[in-house]
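*Asks:* Next come the chains, spelled out residue by residue.
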Amino acid sequence: MGDSAPLQGGDAGDARKGAFRDKKHEQVAWGATILTLAGYFILMLLVPLAPDVLARPLLGEGGLGSLGFVVGIGVLLLQIGVSIWYTKWINKLDQQS
Amino acid sequence: MNVTAVTLFVLFVALSLGITTWAARRSKSRSQFYAAASSLSGFQNGVAFTGEFLSAATFLGITGIYFTFGYDGLIYAIGAAMGWPVLLFLLADRLRAMGKYTLTDVLADKLKAPSIRIFAAVATVITLILYLVAQMVGAGLLIELLFDVDYLVSVVVIGLLMLIYVLFGGMVATSWVQIVKACFLWVLGLALAIAVLIKFDFSIGKLYAAAVAAHPRGEKLLEPVGFPTVGASLSAALTQAVGIAGLPHFIMRFFTVPNVAEARKSAAYATGLIGAFYIVMVIIGFGAIAILANNPEYTTGPALLKNGNNMAPLYLAQALGGDVFLGITAAAVFATILAVVAGLTLAVAASMSHDVFATVIRKGKVTEAEELKVSRWSAIAFGAAAIALSVVFRNENITFLVVTALSIAASSTFPLLFLACFWKPLNSTGALVGGTVGLLTAVAGIILGPTVWVAIFGYPQPIFPYQYPTIVGLPVGLGVTMIVSLMTAKK
Chain C
1 MGDSAPLQGG DAGDARKGAF RDKKHEQVAW GATILTLAGY FILMLLVPLA PDVLARPLLG
61 EGGLGSLGFV VGIGVLLLQI GVSIWYTKWI NKLDQQS
Chain D
1 MNVTAVTLFV LFVALSLGIT TWAARRSKSR SQFYAAASSL SGFQNGVAFT GEFLSAATFL
61 GITGIYFTFG YDGLIYAIGA AMGWPVLLFL LADRLRAMGK YTLTDVLADK LKAPSIRIFA
121 AVATVITLIL YLVAQMVGAG LLIELLFDVD YLVSVVVIGL LMLIYVLFGG MVATSWVQIV
181 KACFLWVLGL ALAIAVLIKF DFSIGKLYAA AVAAHPRGEK LLEPVGFPTV GASLSAALTQ
241 AVGIAGLPHF IMRFFTVPNV AEARKSAAYA TGLIGAFYIV MVIIGFGAIA ILANNPEYTT
301 GPALLKNGNN MAPLYLAQAL GGDVFLGITA AAVFATILAV VAGLTLAVAA SMSHDVFATV
361 IRKGKVTEAE ELKVSRWSAI AFGAAAIALS VVFRNENITF LVVTALSIAA SSTFPLLFLA
421 CFWKPLNSTG ALVGGTVGLL TAVAGIILGP TVWVAIFGYP QPIFPYQYPT IVGLPVGLGV
481 TMIVSLMTAK K
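Residue numbers (this note's numbering), protein chains in the order written: chain C, 1 to 97; chain D, 1 to 491.
Simulated from the structure, these hints should not be mistaken for laboratory data.
Virtual Cβ for every residue (Gly too), placed ideally from N, Cα, C.
Each hint should be verified, as a subset may be incorrect.
For the chain C half of the interface with chain D, some residues (derived, Cβ under 7 angstroms), not all of them [stated by the list, open to error]: (1) 29; (2) 33; (3) 37; (4) 40; (5) 63; (6) 81; (7) 83; (8) 85; (9) 87.
Which chain D residues face chain C? A few, computed with CB under 8 angstroms, are given here [as the list claims (entries may be wrong)]: (10) 74; (11) 78; (12) 81; (13) 84; (14) 85; (15) 201; (16) 204; (17) 230; (18) 233; (19) 241; (20) 271; (21) 279; (22) 489.
Starting from the given sequences, assemble the full structure and let the hints guide the process.
*Replies:* The structure is reproduced here in structure tokens:
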């Protein structure tokens, strides 16, 4: 059919057809996934188990500084930070190889 | 009739038609039509991903949840963002490195049986038509409400515009329309948040105090209410964490960049832009409460907005900046809907032409021109079906459409995709049986759950207790696939 080849413009790394570059890459990728999702799942467990704890003030007089908001926004920021770090790290490794 | 909204919407449509005309010259070949010839940079595709992801359900729906419940808005927002870790860390490399066009191509790279292509194409159509109908019903109702335009006319206009983008511009047009819309929506969201903060002297404390004073829940605004049991909460979390990775139109977008590095960058940019937008929405959500919740101009009762709580961001814009700001916000919402429906239609058209016609029916003996012709006719058929279903579902509760789509993705296509990438013993028989069982489990769970059994059929209690059936569907889909693969493994 002619569609089995990679699209034009693919680089040598594409020939791996999806394997992690090495064991360390695999471990970091899984670690990043678990780290970012763990924060989310912990929050989602707190929702039914301890909703009043989430409403507790953490910063200043409370309000949007509650534990729930700090954890929630922290989960989003953690995800953004880990994603940026991971992308820079693995792309740099690919360039060096 | 809001002149600003109509003017800006017409301008957006004119711009998008201009993009489509430009893109038409770049959509002659299969790789151009399906994947923009892999010509997008990581940043461009990241913004396009953001546009694809931030739908009207995000902007209107999540703000509506903030307005109704408070903290739950953040829970839903975070959940929506949580599909990206799996996509970026585990799947982006594999998807791009395979160098294909569709989700089915990815599965078929490992599973050669034609039945897998047919199954994946069927799952694609079911998942995406549910999403599409939900978007179009929302658009039709909104246009009818704001501009007093007949509902049928509204959905036909939306349907025709999305078909023009897809038929003539393919992925090139769709991508650039998404990019323009993402920028529009992001800037609008930021402007709305800044307007809220100006009103409260940039004091989060003042904003919160005003919200608490205005809302009937008062201090309880900070307590979550939407997921009262561990099962309900975990099922929703699972759906969000893996459902997005099983959505065909997202998978397709990984093939629009030239290599794996750019694919990773695009997922990372999308993660950042989407996550940051959701943080901005905290201000929008609480601003809506503080300014609208006990304002008789916008409410029919305490924290009950006229025409539904999904109107929160529109009314907030009007309260802060008059009809001009309302018009800008409404235009952004319409642009959002148009861009999203175009992306969904392209994914279905690609699946029908590439996966079913070219590969299964013609067994690869097809010219590019023939395949693209079928793709365009498929888009027309799908668009017509979506318009017809939008009329049928006009007065129905459409929430279950989106929930079903995501649940099917989480219970059926994601398990197959994940196992195809990470589990060697997977075979076609296991994938077909497991994928089908996962899909049927998800559908059964939705029908027997609160979204359909109670809200639509009117029974007092659901048979399946959770809104999202993924807590059952995902392990069933994975388990059946693995067991059948092992049982039918060739010695």
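*Asks:* Each of the hints needs a verdict: does it hold here or not?
*Replies:* We went through each hint and held it up to the structure:
{"no.": "1", "hint": "29", "in the structure": "4 angstroms, holds"}
{"no.": "2", "hint": "33", "in the structure": "5 angstroms, holds"}
{"no.": "3", "hint": "37", "in the structure": "6 angstroms, holds"}
{"no.": "4", "hint": "40", "in the structure": "5 angstroms, holds"}
{"no.": "5", "hint": "63", "in the structure": "3 angstroms, holds"}
{"no.": "6", "hint": "81", "in the structure": "9 angstroms, violated"}
{"no.": "7", "hint": "83", "in the structure": "4 angstroms, holds"}
{"no.": "8", "hint": "85", "in the structure": "9 angstroms, violated"}
{"no.": "9", "hint": "87", "in the structure": "4 angstroms, holds"}
{"no.": "10", "hint": "74", "in the structure": "5 angstroms, holds"}
{"no.": "11", "hint": "78", "in the structure": "6 angstroms, holds"}
{"no.": "12", "hint": "81", "in the structure": "6 angstroms, holds"}
{"no.": "13", "hint": "84", "in the structure": "7 angstroms, holds"}
{"no.": "14", "hint": "85", "in the structure": "4 angstroms, holds"}
{"no.": "15", "hint": "201", "in the structure": "15 angstroms, violated"}
{"no.": "16", "hint": "204", "in the structure": "5 angstroms, holds"}
{"no.": "17", "hint": "230", "in the structure": "5 angstroms, holds"}
{"no.": "18", "hint": "233", "in the structure": "5 angstroms, holds"}
{"no.": "19", "hint": "241", "in the structure": "6 angstroms, holds"}
{"no.": "20", "hint": "271", "in the structure": "4 angstroms, holds"}
{"no.": "21", "hint": "279", "in the structure": "6 angstroms, holds"}
{"no.": "22", "hint": "489", "in the structure": "22 angstroms, violated"}
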